[in-house]
Each structure stands twice: as C-alpha cells, then as structure tokens.
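Visitor: As a plain string of letters, each chain reads:
2 protein chains.
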Amino acid sequence: MFQQITIIAPGLLGASLGMAAHEYGLAKRIQVWARRAESRQSCEDSAWCDQAFSDLAEAVQGSELIVICTPVDRITEIVRDIAGALSEGALVTDVGSTKSRICRLAAHLVPDHANFIGSHPMAGSEKSGMQYAESTLFKNRACLVTPIEESPSGEVDRIVRFWRAIGMEVTSVSPEKHDEIVAHISHFPHLLASVLCLQLSRCPEAWKAFSGNGLRDTTRIAAGSPEIWRSIFEENKEELLRALDGFENELASIRSLIHNDEWASLRHRLSLGQSYREELD
Amino acid sequence: MFQQITIIAPGLLGASLGMAAHEYGLAKRIQVWARRAESRQSCEDSAWCDQAFSDLAEAVQGSELIVICTPVDRITEIVRDIAGALSEGALVTDVGSTKSRICRLAAHLVPDHANFIGSHPMAGSEKSGMQYAESTLFKNRACLVTPIEESPSGEVDRIVRFWRAIGMEVTSVSPEKHDEIVAHISHFPHLLASVLCLQLSRCPEAWKAFSGNGLRDTTRIAAGSPEIWRSIFEENKEELLRALDGFENELASIRSLIHNDEWASLRHRLSLGQSYREELD
Chain A
2 MFQQITIIAP
12 GLLGASLGMA
22 AHEYGLAKRI
32 QVWARRAESR
42 QSCEDSAWCD
52 QAFSDLAEAV
62 QGSELIVICT
72 PVDRITEIVR
82 DIAGALSEGA
92 LVTDVGSTKS
102 RICRLAAHLV
112 PDHANFIGSH
122 PMAGSEKSGM
132 QYAESTLFKN
142 RACLVTPIEE
152 SPSGEVDRIV
162 RFWRAIGMEV
172 TSVSPEKHDE
182 IVAHISHFPH
192 LLASVLCLQL
202 SRCPEAWKAF
212 SGNGLRDTTR
222 IAAGSPEIWR
232 SIFEENKEEL
242 LRALDGFENE
252 LASIRSLIHN
262 DEWASLRHRL
272 SLGQSYREEL
282 D
Chain B
2 MFQQITIIAP
12 GLLGASLGMA
22 AHEYGLAKRI
32 QVWARRAESR
42 QSCEDSAWCD
52 QAFSDLAEAV
62 QGSELIVICT
72 PVDRITEIVR
82 DIAGALSEGA
92 LVTDVGSTKS
102 RICRLAAHLV
112 PDHANFIGSH
122 PMAGSEKSGM
132 QYAESTLFKN
142 RACLVTPIEE
152 SPSGEVDRIV
162 RFWRAIGMEV
172 TSVSPEKHDE
182 IVAHISHFPH
192 LLASVLCLQL
202 SRCPEAWKAF
212 SGNGLRDTTR
222 IAAGSPEIWR
232 SIFEENKEEL
242 LRALDGFENE
252 LASIRSLIHN
262 DEWASLRHRL
272 SLGQSYREEL
282 D
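Here the protein sequences line up with chains A and B, keeping their order. Per our numbering, the first sequence starts with residue 2, numbered consecutively. Per our numbering, the second sequence starts with residue 2, numbered consecutively.
Derived from the structure by calculation, the hints contain no laboratory data. Since the model is a prediction, treat every value here as computed from it, not as a measurement. Any given hint could turn out to be false.
[As the list claims (entries may be wrong)] Capping the alpha-carbon separation at 30 Å, the derived lysine-lysine pairs in DSS-like fashion look like this:
#1 B:140 - A:128
#2 A:140 - A:178
#3 B:128 - A:128
#4 A:140 - B:209
#5 A:209 - B:178
#6 B:238 - B:178
#7 B:140 - B:128
#8 B:209 - B:128
#9 A:140 - B:128
#10 B:128 - B:238
#11 B:209 - A:128
#12 B:178 - B:128
#13 B:140 - A:209
#14 A:29 - A:140
#15 B:29 - B:140
#16 B:128 - A:209
#17 B:178 - B:140
#18 A:178 - A:238
#19 A:140 - A:128
#20 A:209 - B:238
#21 B:209 - A:178
#22 A:128 - A:209
#23 A:238 - B:209
Using the sequences provided together with the hints, build the complete structure.
Guide: Below, the structure written as structure tokens:
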C-alpha cells in the first residue's frame, strides 16, 4: 500500500503497528525514529524494521506515511520538527488519545504539499513499552479517524484504509466530537479507577488481602503510566471536567436514594447500569 | 469432618460449596433446601447432593453444619425459621456479604444448644445461579469469619477449619470491622461501576462501539444482579455512605487539581494510585 512508512517513537503502539504493517505487507519499507539508542537497536534487530534513525528529518524523508506514537503532549512538537523534511504528498498521522488541539495545530504546521489527519486506534493496555508489542493488538478494535474540514477526502480514505488493513473498525468523527466521546468512555473511567485506588491506598494495608476479582477488574487501568495519563487529562481537560460533572450528578442522586432508603428506585437504577454493561459485551 | 451438612438456597455459592465439600470429603451426607422444585431436582441429579428438601425444618434436622446461601436480606428470616429444628451442637453459618446486623440478630435467634457464626467467602462473580457453580470457586480466595464476643472459640475454630479445607485463606474479624472493610474494597467499588454505567447509559448508543477493554474491565461488576446488590447496599448502608464520603473528598481534590492546572500534583496522585493497584496483583 505504501512504499515507505516511518513510525516515530516505537512503544507498545508504535512497535505493534510496525509488526502489523510488516505482517500484512502494507509497506515496502518501514523506518523508525527513536530517541534512545537501545530502542533503535531493538527495532533494527526486529524483522519488521528496515532502519532506525536518531534524526527526525532523516527518518521521515521519502516516507509516504508518518505515524507519530509519542505521548499526546509531544505530538505537535514532533510535527513542527518534521514539517520541513516532509516529502511531496506525505500523510502524517498520530495515535494520540486526544485530538482537538493536536489536529487543529498540526494542520497549520505541515506544509501545503503534505497533510496531517489524526487517528486514535483504541488498542492500548495498562502496559506500555515495546516489549509488550504484538501485531494482533489492533484486531477488531475501534479506531477513530479525525479529519478537519480542510482535510482532502482522498487522504482521509487513505488513512481509513490503512487502519482497516490491520483489522480495525474505523469511524470518522471531528476532533472535537472525538474528545467528547473518549472523555466519557475512556478518560473519565480511567480517572475514576485511579481515584478509587488513591482512596484505597489510605486504608489499612491488611485490607488488600481481602480484595477480590471485582476490585482487581475495576481498578486494572489505574496501573497505567501516570505520565501518559497526566498528559491525556491535561490535553482533554475541558471534556474531562464535563464528564466529571455528569458523573457527580449521577453519584449525588444515587447517594440521596441510599440516604433516604429509596431501595426500589436504587434497584431500578442498578438494573439500568446492568443493562448498559451487558450490551457492552 | 461433618456427618451431615445442609446448604440452604443452592445458587452459585451454595452449589459450588456443595461440590467442594463433596470433592474434599468434608461431609458424609450433603442435604439442600431449595424453594423451587426445579432447583431441588437439579441438586438431586448432581453427584454432590444426597437429598433436597422443600421444608426447612426437615432439611436441617440432624445436620451439624447449616450454611445459609440466600441474599443477605433473607438470612435472619431463615435463621428464625430453622431455629426450632436445630440439633444439639448444630453450627449455623451463612455466606452473606454483610455481617453486623445478621450476626447480632442471628446469635439471639438460635437456641442455646446451637451457634450462629457468620462467614463471608469472598468468591462471588458477576454471574449468579447454580449453572455457573464449580468446586474450585473458593480456591486461594479470602474468607472472613465474623464471630461475636459470645461465640465459643471451639466453634469458631470449626468453621475456620471448614473454609480452609476447601482452599480458602481465612481471617477472623468482628462483624462491624467486616462491614467497614467490605464497604471500601467491595461494595463501594461495585456502586461506582454501576454509577459509571448509569452515566454512560445516557450517552449516545453509538459510543458503545468505541469502548475498549479498559471500560469493559472497569464496569464488569456492574453486570451483577440488581436485587442482590440492592440488598447488600441496604444492609451495609452506613458503612457504604462513609466510603462514599471518603471517595467524594478524594474526587473533589482531584477535580481541583485538574481545574487549577496542577499537573505535577495530579501526576503524583496518579502514581500513588498506580502503586496501590500494582500491589494488588
């Protein structure tokens, strides 16, 4: 599909993407840029990587597709750094979990002969790092592609086809709608799991021994990288606070049912939550 | 270990217990009481069950150990109903997720020649019903045994040994301490997952397609039976509200960090939550 692609910052997502692109034959040549010499070595030792660079401009020269896989707060810096080295017709995308600020800024940073169209393959895990990478990470998972009004439709189709080719279920939405959706279904649930762990970290140590699978499931994502999530929360601050408002209203209403012994109403609310959860599977 | 035990209300926990007691040879004879004829038939068709009764008094006569496996709001009624039929030296326990009210009341309801000592084998699941039962359900899981001041220590030892014999890690605590602990590590996390699902159930239906494993994990327990959880929340109302107070304080403090752009402090809090979660595994 592409002659050459460049993956910038091959962590869990970037390295998995390299593996998948290689396995499905989506690029004749796969290059990476990595900050650490050790990461570059690991990549060059892998079957999917043709060459690893320490210089950003060199890494992107001649590539038709560039995928930026850094934490969200570094994405636009990278776009700025590579802008001058982008080839004619280059398509730049990212895998960041927030989109509004990134997509609006990046569209202005790339030269006229190239395009930036944001992507969010929803295929993370509480783990991070290349050592957990696998080519099947994206299989049957959702991917949101977030063009802006000016994005050429041919380029949107191209990035959509790329994600579909590695097995993803792709939907296009505006960057703003994206941020609203993921604030509710991903960022806020993550915050909730972290706050629950924070509260429990103040309880006696001995109580840990009594925790069951329920608590383990509910809090699993709180094991995610504090730095990665800090940057996501910072980027999506406004929508995150809106999701928090909605949750607090819901929680206050549940508190009042419990406080006032309105058990039939509480049971009804629990069954609405149960239906939602059952339909997720 | 026991000549005869009776399991009252063989759902997921009761039937699993029957299977485990049978497999480990802990009782010469295992009887059950079940309300529905269909459940009685299922039990009698199973290798672990010797006889199923529709009459409570008949079901407990001659049994040394009686385990009540109904939802928490029915346990003391059952104790009242079987009190007159208990044999000399009979030990009555339950598997309820709340303990204070049940243990204090039940101790007064059983005759002088018998004892009630509460148990909470923490081995549930979001599933309920005999069809999911398995003898390994209790293996390496925590069990809290909740004697009161008057409970004879020999009887406490007896029930502790019983749960240990099916593979559980048993700790004795007062019924009040039990309720405080589980409000924090089980009941409140369950409420939180339900409230999150309730909030998400008000979002556009289409957003479900974008949910990832993180959301699935975080909300899994919200699929639990609304009726069972309503009764648990009702029984443990006071401790649940206390856990909610603590959580709301924590959440308000996190909200203020986000609102005021105190990202370094937020990152520190996230890392405290991460440490707690990592130590759970």
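Visitor: All hints are to be evaluated individually against the structure, with a verdict given for each.
Guide: Evaluation of the provided hints:
1. For the hint linking residue 140 of chain B to residue 128 of chain A, the alpha-carbon distance of about 28 Å falls within 30 Å, and the restraint holds.
2. Of the pairs offered as hints, the one joining residue 140 of chain A and residue 178 of chain A holds, with about 24 Å between alpha carbons and a cut-off of 30 Å not exceeded.
3. For the proposed pair residue 128 of chain B and residue 128 of chain A, the alpha carbon gap of about 28 Å is at most 30 Å, so the pair holds.
4. Restraint check for residue 140 of chain A and residue 209 of chain B: the C-alpha separation of about 17 Å stays at or below 30 Å, so the hint holds.
5. A C-alpha spacing of about 14 Å is found between residue 209 of chain A and residue 178 of chain B, which places the hinted pair at or below 30 Å, so the restraint holds.
6. A threshold of 30 Å between alpha carbons decides the hint, and for residue 238 of chain B with residue 178 of chain B the separation of about 14 Å falls inside it, so the pair holds.
7. Proposed proximity of residue 140 of chain B and residue 128 of chain B is supported: the alpha carbons are some 18 Å apart, at most 30 Å.
8. Of the supplied pair hints, the one linking residue 209 of chain B and residue 128 of chain B holds, its CA atoms being roughly 22 Å apart against a limit of 30 Å.
9. Note on residue 140 of chain A and residue 128 of chain B: the hinted pairing holds, with a Cα-Cα distance of about 28 Å set against a maximum of 30 Å.
10. Only pairs whose Cα atoms come within 30 Å are accepted, and residue 128 of chain B paired with residue 238 of chain B is accepted, the gap being roughly 23 Å.
11. This hinted pair checks out: residue 209 of chain B and residue 128 of chain A have alpha carbons roughly 23 Å apart, not beyond 30 Å.
12. At most 30 Å may separate the alpha-carbon atoms for a hinted pair to count; residue 178 of chain B and residue 128 of chain B meet this at roughly 27 Å.
13. A distance of roughly 17 Å separates the Cα atoms of residue 140 of chain B and residue 209 of chain A; the hinted pair therefore holds under the 30 Å criterion.
14. For the hint pairing residue 29 of chain A with residue 140 of chain A, the CA-to-CA distance comes to about 21 Å; that is within 30 Å, so the pair holds.
15. Pair hint residue 29 of chain B plus residue 140 of chain B holds up; C-alpha atoms about 21 Å apart against a cutoff of 30 Å.
16. A threshold of 30 Å between alpha carbons decides the hint, and for residue 128 of chain B with residue 209 of chain A the separation of about 23 Å falls inside it, so the pair holds.
17. About 24 Å separates the Cα atoms of residue 178 of chain B and residue 140 of chain B, which keeps this hinted pair within 30 Å; it holds.
18. For the given pair, residue 178 of chain A sits about 14 Å from residue 238 of chain A by alpha-carbon distance, which is consistent with the 30 Å threshold.
19. A hinted pair counts as satisfied when its Cα atoms are at most 30 Å apart, and residue 140 of chain A with residue 128 of chain A qualifies at roughly 18 Å.
20. Between residue 209 of chain A and residue 238 of chain B the alpha-carbon distance is near 22 Å, which keeps this suggested pair within the 30 Å criterion.
21. Among the hinted pairs, residue 209 of chain B with residue 178 of chain A is consistent with the structure: their alpha-carbon atoms are about 14 Å apart, no more than 30 Å.
22. For the proposed pair residue 128 of chain A and residue 209 of chain A, the alpha carbon gap of about 22 Å is at most 30 Å, so the pair holds.
23. Note on residue 238 of chain A and residue 209 of chain B: the hinted pairing holds, with a Cα-Cα distance of about 22 Å set against a maximum of 30 Å.
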